[in-house]
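Residue numbers (the UniProt record's numbering), protein chains in the order written: chain C, 1 to 216; chain V, 1 to 777.
If you're looking for bench data, these hints aren't it; they were derived computationally from the structure. No residue lacks a Cβ here, since even glycine has one placed at the ideal position from N, Cα and C. Be a bit skeptical, because a hint or two may be false.
What the hints assert, rightly or not - Taking lysine-lysine and the DSS-like style, the derived pairs with C-alpha atoms no more than 30 Å apart in a straight line are:
#1 LYS141(C) with LYS18(C)
#2 LYS430(V) with LYS43(C)
#3 LYS166(C) with LYS408(V)
#4 LYS180(C) with LYS91(V)
#5 LYS105(C) with LYS181(C)
#6 LYS18(C) with LYS105(C)
#7 LYS497(V) with LYS408(V)
#8 LYS408(V) with LYS181(C)
#9 LYS18(C) with LYS408(V)
#10 LYS430(V) with LYS166(C)
#11 LYS141(C) with LYS184(C)
#12 LYS166(C) with LYS180(C)
#13 LYS141(C) with LYS117(C)
#14 LYS408(V) with LYS43(C)
#15 LYS43(C) with LYS438(V)
#16 LYS408(V) with LYS430(V)
#17 LYS29(V) with LYS91(V)
Stated by the list, open to error - Derived coverage of chain C by chain V (criterion: at least 3 residues anywhere in the stretch with Cβ under 8 Å from a Cβ of chain V; other residues may be distant):
#18 24 to 36
#19 81 to 90
#20 131 to 139
#21 150 to 158
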Amino acid sequence: MSSRGSGGRTNGTLPQTKICQFKLVLLGDMAVGKSSLVLRFVKGQFDEFQETTIGAAFLAQSVCLDDTTVKFEIWDTAGQERYHSLAPMYYRGAQAAIVVFDITKPETFERAKAWVKELQRQASPNIVIALAGNKADLAEKRLVEYEEAQTYAEDTGLLFMETSAKTAMNVNELFLAIAKKMPKTDTQNPTHAARHRGVNLQDPDAHSTRACCGGN
Amino acid sequence: MAVHSQVNGTTAIPWRSSRRKLSLLEQLKGCQEAWCPGAPWDREGAHAAISGTPAGSFLVLRDSVTSQPILLCVSAGGENGAVLDYNIGNKGTVFQLNDSRLSFSDLAQLVLFYSLTRDVLAVCLSIPRWIYSVTDKNKDRLSQLEPDTWLSPPEQQTDEMTNRELSNVMCSIQLTSTNGALCIINPLYLREHGDDWLTHRASTTPCSTQPSNYRRERRLSTTRTWAGAGLQSKRAISLDQEPSAAFMESSGLTRARSADSPHCPPAPSTPVAPAGVVLRRPSQDSASRLPHRASTGSLQPSPPSTPGSLNCAASELQCHGSPVPQSPHRVSWIEDGVWLPPPRPSSLLQPPSLELDSLSISSIEEEQDFQMPSPTPHHPSAHRLADKVIHRLSAVGQALGGLVSQKKRLTNRVQELSERRGGAFAEAVKGFVEMTLKRGADPDGVTGSEFLQEVRSKLTSLRDTLWDLPEIQALLDSITDLSDPAIDSLVELSLHKVALKPVSAHLYSCIRTSRTNDGCFERLRSNLRVLEQNGVEELGGSAGVGIPDSVSLERIQQRWTAMHDAYSPNKKVQILLKVCKSIYHSMTANASSGTVFGADDFLPCLTWVLLRSDVVTLQQDTDYMMELLDPTQLQGEGGYYLTTLYAALYYISSFRPRLAARQLSVEAQHSLNQWHRRRTLHCNQSRRSVHRRTIRRQMCRVQNSETGTESKEESGRENAADQSQLQTESSTEALQPLREETGRGQGGEDQSQTSTPVLDCHQQEVIQEDRQEDRQT
Chain C
1 MSSRGSGGRT
11 NGTLPQTKIC
21 QFKLVLLGDM
31 AVGKSSLVLR
41 FVKGQFDEFQ
51 ETTIGAAFLA
61 QSVCLDDTTV
71 KFEIWDTAGQ
81 ERYHSLAPMY
91 YRGAQAAIVV
101 FDITKPETFE
111 RAKAWVKELQ
121 RQASPNIVIA
131 LAGNKADLAE
141 KRLVEYEEAQ
151 TYAEDTGLLF
161 METSAKTAMN
171 VNELFLAIAK
181 KMPKTDTQNP
191 THAARHRGVN
201 LQDPDAHSTR
211 ACCGGN
Chain V
1 MAVHSQVNGT
11 TAIPWRSSRR
21 KLSLLEQLKG
31 CQEAWCPGAP
41 WDREGAHAAI
51 SGTPAGSFLV
61 LRDSVTSQPI
71 LLCVSAGGEN
81 GAVLDYNIGN
91 KGTVFQLNDS
101 RLSFSDLAQL
111 VLFYSLTRDV
121 LAVCLSIPRW
131 IYSVTDKNKD
141 RLSQLEPDTW
151 LSPPEQQTDE
161 MTNRELSNVM
171 CSIQLTSTNG
181 ALCIINPLYL
191 REHGDDWLTH
201 RASTTPCSTQ
211 PSNYRRERRL
221 STTRTWAGAG
231 LQSKRAISLD
241 QEPSAAFMES
251 SGLTRARSAD
261 SPHCPPAPST
271 PVAPAGVVLR
281 RPSQDSASRL
291 PHRASTGSLQ
301 PSPPSTPGSL
311 NCAASELQCH
321 GSPVPQSPHR
331 VSWIEDGVWL
341 PPPRPSSLLQ
351 PPSLELDSLS
361 ISSIEEEQDF
371 QMPSPTPHHP
381 SAHRLADKVI
391 HRLSAVGQAL
401 GGLVSQKKRL
411 TNRVQELSER
421 RGGAFAEAVK
431 GFVEMTLKRG
441 ADPDGVTGSE
451 FLQEVRSKLT
461 SLRDTLWDLP
471 EIQALLDSIT
481 DLSDPAIDSL
491 VELSLHKVAL
501 KPVSAHLYSC
511 IRTSRTNDGC
521 FERLRSNLRV
531 LEQNGVEELG
541 GSAGVGIPDS
551 VSLERIQQRW
561 TAMHDAYSPN
571 KKVQILLKVC
581 KSIYHSMTAN
591 ASSGTVFGAD
601 DFLPCLTWVL
611 LRSDVVTLQQ
621 DTDYMMELLD
631 PTQLQGEGGY
641 YLTTLYAALY
651 YISSFRPRLA
661 ARQLSVEAQH
671 SLNQWHRRRT
681 LHCNQSRRSV
691 HRRTIRRQMC
701 RVQNSETGTE
711 SKEESGRENA
721 ADQSQLQTES
731 STEALQPLRE
741 ETGRGQGGED
751 QSQTSTPVLD
761 CHQQEVIQED
771 RQEDRQT
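Pulled out of the complex, with its shape left as it was, chain C reads as follows (with noise of 0.2 Å):
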């Protein structure tokens, strides 16, 4: 079913824009604010163009750029140690991740660069990953430097932002970030590669475009 608002914004054509569809998979140790710094994301954006979901472990979410809309859908993992085996169920086909520490517990980012070195080796070859080093709004506590983490994310070419699901600092940032380092010729979007009858104006993807072009 057509399941978000359609037509209803629009006063004339749409441009033809591109819609390229990403796996993107977040991965961290247990409560470093995985999940929080994508429902910052998320909920950050406008909500018309959100796809309800049932829960916070799955998430989708399209940003915009210039001429080309990027959907993500967001996969959460448990980042407890005991599940960690279940990770490549995961990450598994994502083209994008979201590594994840907490800058006050150095353990995490140990974590974090394991998780690095994991996705290297085991996940799709072309993978965007970035670090995220969360709770940057605790910088008092702060016990990883920006520094190190700059410098590792540097040398093992990793997009690098320090982000604070609290405040949404660099949180849609972060996302933009990837968004543009993804590769657009690859259009997965189902609805759009499956278009055999003519464009469909209703698409709601389409719209997702002008969501989010507000920017600039």
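Fit chain V to the known structure of chain C by using the hints.
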């Protein structure tokens, strides 16, 4: 550019034309001077005025020189009266908060937006309630308002305007799938009550004096199909029978929701006329209802999360009377959370097939197929009514979009085609059924996942055959109001009915054989004994997370049963999603507001539930879904929760208390490889996914060649089906996966050897060594 040019596509339907109600945006614009005062007001003055007001109270300040709005001051609430400042940027003709990327073509839109969503703000802006009552007639008063009036607590605003108008406020529907609101009137309601009330403002609500007609109102969200209206009525009927328990549960939901929107009090559970799903009317007799409501003790809206919040400080009348005009805009994720149907006590359960959160036509129709006898025969009236509603519902369906009939037409046509003597499709279906029934029974033949993969592949070719039929083409082309994926899934469902239904029992028995042989069931059973005493915290869940109580657990069990009984993998996934949803409910039931539960908690909770369920059957269902679901359906939410179910079962079946936590990695991966192959193997066979060039597909190809004999037949078929695509693919693309595969191979040589696939979980001992090594790194 401007994100918000139209006010969420909501159009208020004037209740009485003589007193046109202004849109909130107009209202805001009308009193812009009040919340965006000019010259004498500066930051200090604004802070002084705002400090101590409820959270979200705000003023916008202008630059003393340019008169441009520059600063948004918002009360953070709380005891210290903190006021937060946000700079407003003004680029040409658009306004935006400096920290945000969203821009608005005028200030009122900005304010409106941030009253719904906080985005970068610490709290949502709060708009005084009285503003909703401004109409054409009294709008000139708006311009005379001052910031102090704007900020003053609502108690002082109960002037004549408020009193007179409030009860008259809410009369439009909030269903905003398009620019113009879609108005749905349940025909059942019309039949019972006539349509006088549409034109006359009757002073009594027809059913208000009959307690048995109390209804909870449930607003439709844009993400629901209109069918929700009818379903709502159905739910309401069942609720009539057992109000208190259900309501108690629902108050938990509202509490959870208040975290999201501290300033929009949960809309009171207003008893409305039957089928008052969409059309609201002002209720003037609300006071007379109060006593009864109090006696049920269940309809009280939960207290606002921020005491003193503007909206909730309003009078009893407002809280309990006509639906509080939160705003004419709807915010799907907020509402959706609120209006999720509360779980009901098991003793009064309708069969799961009548669950109301499956707000789609298909669920009503289809599930009737396997509806269980009602466990509560002493409620015949509820059932009779439900039937009535269903019939009415389908009438509405035909009137509005004809979704039901389209679906029915498709299903019937496919059925007909499958029975047509000598027809190509009929022959193909017949061949498929015979072949399938024969194949699995062969003791030397392939079993388990490989077999199921073949079945999936044949289903896909059957679907292609179907697509090729001109009659089907014509039929599908006539369906204009459904998205392609929706149509895909309709076709898929009708195919399941003719092809999968006859063989599903057989497929299950093949899965059982295979899983028995690989020892999976055995491991599940024995580990269940080890793990079943574990609480959710021992499984890794955080301290505050709730678990389903016995009632919810009972409902979940019933859903598992329904999931098992469904023959269509798509339907099964839908039921799985309902289970996950109720698990989320339980998780948040006792949590403090604002707590977000992601996978860190969901996986342990699901595992906890599984440990109290029939894992052996669930394993079979999981295999069935994973193997037979159309690969395109495996993306998105369904794919996620199916993966999670799979992962949790895997965790249980492979649990070794003494071994390192990462023991499973390799088997898990192996299994995933298999699954992944499954998921993607046939992607490219689907005509409709011809352009879907994913890494996965190439990956399966590589895997196929790696595993050699494993699936010659399939890859052959695949290649044949798909030649045109191959030509378009560059060689580099095809090579990439190789790298990945070799990378993955390390640590698990065994992996590639074991071409006995998937349903195989027992090589961990050997592999574990490798993992330990991995772990050092």
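Verification of the supplied hints:
1. Taking the CA atoms of LYS141(C) and LYS18(C), the gap is near 43 Å; set against the 30 Å cutoff, the hint is violated.
2. A hinted pair counts as satisfied when its Cα atoms are at most 30 Å apart, and LYS430(V) with LYS43(C) does not qualify at roughly 50 Å.
3. Between LYS166(C) and LYS408(V) the CA atoms are separated by roughly 49 Å; this puts the pair beyond 30 Å, and the hint is violated.
4. For the given pair, LYS180(C) sits about 24 Å from LYS91(V) by alpha-carbon distance, which is consistent with the 30 Å threshold.
5. Pair hint LYS105(C) plus LYS181(C) holds up; C-alpha atoms about 28 Å apart against a cutoff of 30 Å.
6. For the hint pairing LYS18(C) with LYS105(C), the CA-to-CA distance comes to about 40 Å; that exceeds 30 Å, so the pair is violated.
7. Proposed proximity of LYS497(V) and LYS408(V) is supported: the alpha carbons are some 12 Å apart, at most 30 Å.
8. Of the pairs offered as hints, the one joining LYS408(V) and LYS181(C) is violated, with about 45 Å between alpha carbons and a cut-off of 30 Å exceeded.
9. The straight-line distance between the Cα atoms of LYS18(C) and LYS408(V) is roughly 34 Å, outside the 30 Å bound, and the hint therefore fails.
10. Of the supplied pair hints, the one linking LYS430(V) and LYS166(C) is violated, its CA atoms being roughly 59 Å apart against a limit of 30 Å.
11. For the hint pairing LYS141(C) with LYS184(C), the CA-to-CA distance comes to about 39 Å; that exceeds 30 Å, so the pair is violated.
12. Only pairs whose Cα atoms come within 30 Å are accepted, and LYS166(C) paired with LYS180(C) is accepted, the gap being roughly 24 Å.
13. Restraint check for LYS141(C) and LYS117(C): satisfied, since their Cα atoms lie roughly 27 Å apart, inside the 30 Å limit.
14. Restraint check: the Cα-Cα separation between LYS408(V) and LYS43(C) comes to about 38 Å, which exceeds 30 Å; the hinted pair is violated.
15. Restraint check for LYS43(C) and LYS438(V): not satisfied, since their Cα atoms lie roughly 52 Å apart, outside the 30 Å limit.
16. Taken as a hint, the LYS408(V) and LYS430(V) pair is honoured in the structure, with Cα atoms around 22 Å apart against an allowance of 30 Å.
17. As the CA atoms of LYS29(V) and LYS91(V) are separated by approximately 20 Å, the hinted pair is consistent with the 30 Å bound.
18. Three residues within the 8 Å Cβ limit are the bar, and the segment 24 to 36 of chain C against chain V gives 6, so the coverage statement holds.
19. With a cut-off of 8 Å between beta carbons, the segment 81 to 90 of chain C has 9 residues touching chain V; three or more are needed, and the interface restraint holds.
20. Check result for the segment 131 to 139 of chain C against chain V: violated, 0 residues qualifying (beta carbon to beta carbon below 8 Å, three or more required).
21. Only residues whose C-beta sits within less than 8 Å of a C-beta in chain V count toward coverage, and the segment 150 to 158 of chain C has 0 of them, not enough to reach three; the restraint is violated.
The structure fails hints 1, 2, 3, 6, 8, 9, 10, 11, 14, 15, 20, 21 (numbered hints given earlier, in ascending order).
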